[in-house]
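Enquirer: Which chain is which? The protein sequence lines are A and B, in order.
Per the numbering used here, numbering of the first sequence is gapless, rising by one per residue and ending at 228.
Per the numbering used here, numbering of the second sequence is gapless, rising by one per residue and ending at 169.
What the hints contain is simulated information worked out from the structure, not anything from laboratory work.
Glycine included, C-beta positions come from ideal geometry on N, C-alpha and C.
Hints may contain errors.
Capping the alpha-carbon separation at 16 Å, the derived lysine to aspartate or glutamate pairs in EDC-like fashion look like this [what the hints assert, rightly or not]: (1) B:Lys-149 <-> B:Glu-97; (2) A:Lys-176 <-> B:Glu-97; (3) A:Lys-164 <-> A:Asp-217; (4) B:Lys-90 <-> A:Glu-160; (5) A:Lys-227 <-> B:Glu-159; (6) B:Lys-82 <-> A:Asp-217; (7) A:Lys-176 <-> B:Glu-159; (8) B:Lys-78 <-> B:Glu-159; (9) B:Lys-90 <-> B:Asp-128; (10) A:Lys-212 <-> B:Glu-159; (11) A:Lys-106 <-> A:Asp-130; (12) B:Lys-142 <-> A:Asp-130; (13) A:Lys-86 <-> A:Asp-74; (14) B:Lys-82 <-> A:Asp-224; (15) B:Lys-82 <-> B:Glu-97; (16) A:Lys-199 <-> A:Asp-113.
Between beta-carbon pairs, the in silico distance windows are [unchecked claim]: (17) A:Thr-202 <-> B:Ser-114: 44 to 50 Å; (18) A:Thr-123 <-> B:Lys-78: 36 to 42 Å; (19) A:Lys-89 <-> B:Phe-119: 33 to 39 Å.
Residues from chain A that keep clear of chain B, each with C-beta distances beyond 12 Å, as calculated [claimed, not checked]: (20) Glu-58; (21) Ser-72; (22) Val-112; (23) Lys-179.
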Amino acid sequence: MVAGAGGLGCGVLDLLARLGVGTIHFFEFDEINPSDLNRQVLYNSEDIGASKCETALNKLKKINPNVNIFAHCEKINEKTEIPKVDLVFDCLDNFTSRYILDDLIFPKKIPMVHAGVSTYFGQLTVIIPGKTECFRKTISLNATQFDKKISKKIFPPLVTTMASLQVSEGVKYLTGDFKNLLYKKILVVDLLSNSFDVIKL
Amino acid sequence: MKIQVKLFATLRLKLGVAGIEIEIDNPVTIMELLKLSSKKLKFDIIPELIEDGKIMVGTILLINGKNIFHAQKLETMITRECEVSVFPPAGGG
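So that you can see chain A by itself, here it is in the shape it has in the complex:
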């Protein structure tokens, strides 16, 4: 399941469809704006004003008609029914929603590949119930206050880099490669100085 079909979500969905992941559910409620087009790879200029959810669904079906894709055109909230899935990709754009998602999936023992992006910087970690803390405890902050400060400025190559890394970790999880999986550690990416640091958690 992919939560959000913005910058990260488009990149993740595109790769998952091309890889032929059997069934994909995704959640997105927004419309396509001109400022999205520099990094949200499933949309183009003729899609401006259209629903991201429906546009992404149509695009993904063309990319790989053999994948079962379910579009949920809604914002994730406390009452959202999470479909039965093996893995969730956190491609949301704020911590309030991320904590809600975490509260919904961690008790159900569904793992999550988290990524966040801002300007030239991003972080990524894999949350696995039973092996790691939940997301809320892994990256703890005052979400309400933090979300007011989130920069809308994002270097587009960072988004595609982070989305690729998310799918890379997702594939490792789905194939059972726990040796190389980025859990109990967090990767901090800095495209400005070309540094990729792993912090043990």
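Following the hints, position chain B against chain A.
Expert: Relative to chain A, chain B alone:
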């Protein structure tokens, strides 16, 4: 004992360094370590990380990967050689 202080993302950009090493003889709180770091960096990092005596929203401080938010926050003691990571998470998607 030697404490490695590692800075990430916007902090690294602002201060122009990826990290510093602080030598201490006795245990210190994380707040005291930040003051020692400021002295060594010749740049007061406290206003970048602390607001009204609390860790600034959007700043994560880890001692060997453990978030001080779940310990004694700025009063968390550093009693042995360790790595302190100062990390402002990115929120967008």
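Enquirer: Quick one: are A:Thr-123 and B:Lys-78 within 36 to 42 Å, going by C-beta?
Expert: For B:Lys-78 against A:Thr-123, whose Cβ atoms are near 39 Å apart, the range 36 to 42 Å holds.
Enquirer: Just checking, A:Ser-72 versus chain B, shortest CB gap more than 12 Å?
Expert: holds (22 Å)
Enquirer: Run the distance test for A:Lys-212 versus B:Glu-159: straight-line Cα separation, threshold 16 Å.
Expert: holds (14 Å)
Enquirer: Regarding the pair B:Lys-142 and A:Asp-130, is the alpha-carbon distance no greater than 16 Å?
Expert: Violated, at roughly 21 Å.
Enquirer: Is it true that the CA of B:Lys-82 sits at most 16 Å from the CA of B:Glu-97?
Expert: Within the cut-off at roughly 9 Å; holds.
Enquirer: Would you mind confirming whether the straight-line C-alpha gap from B:Lys-82 to A:Asp-217 stays at or under 16 Å?
Expert: Holds. B:Lys-82 to A:Asp-217 sits at ~14 Å (cutoff 16 Å).
Enquirer: Quickly compare the C-alpha distance for A:Lys-199 and A:Asp-113 to 16 Å and report which way the hint goes.
Expert: holds (13 Å)
Enquirer: Can you let me know if the beta-carbon spacing of A:Lys-89 and B:Phe-119 is within 33 to 39 Å?
Expert: Violated: the Cβ-Cβ distance is about 53 Å, outside 33 to 39 Å.
Enquirer: Holds or violated: are the alpha carbons of A:Lys-176 and B:Glu-97 at most 16 Å from each other?
Expert: This hinted pair is violated, its Cα atoms lying about 31 Å apart.
Enquirer: Please check whether the beta-carbon of A:Lys-179 is more than 12 Å away from every beta-carbon in chain B.
Expert: violated (7 Å)
Enquirer: Say whether it holds or is violated: A:Glu-58 keeps its Cβ farther than 12 Å from all Cβ of chain B.
Expert: The claim holds: A:Glu-58 sits with its nearest Cβ about 16 Å from chain B, beyond 12 Å.
Enquirer: What's the verdict on A:Lys-106 and A:Asp-130, does the C-alpha distance respect the 16 Å limit or exceed it?
Expert: It holds: about 11 Å lies between the C-alpha atoms, which stays within 16 Å.
Hint compliance for this structure: hints 1, 2, 3, 4, 7, 9, 12, 19 and 23 are broken, all remaining hints hold.
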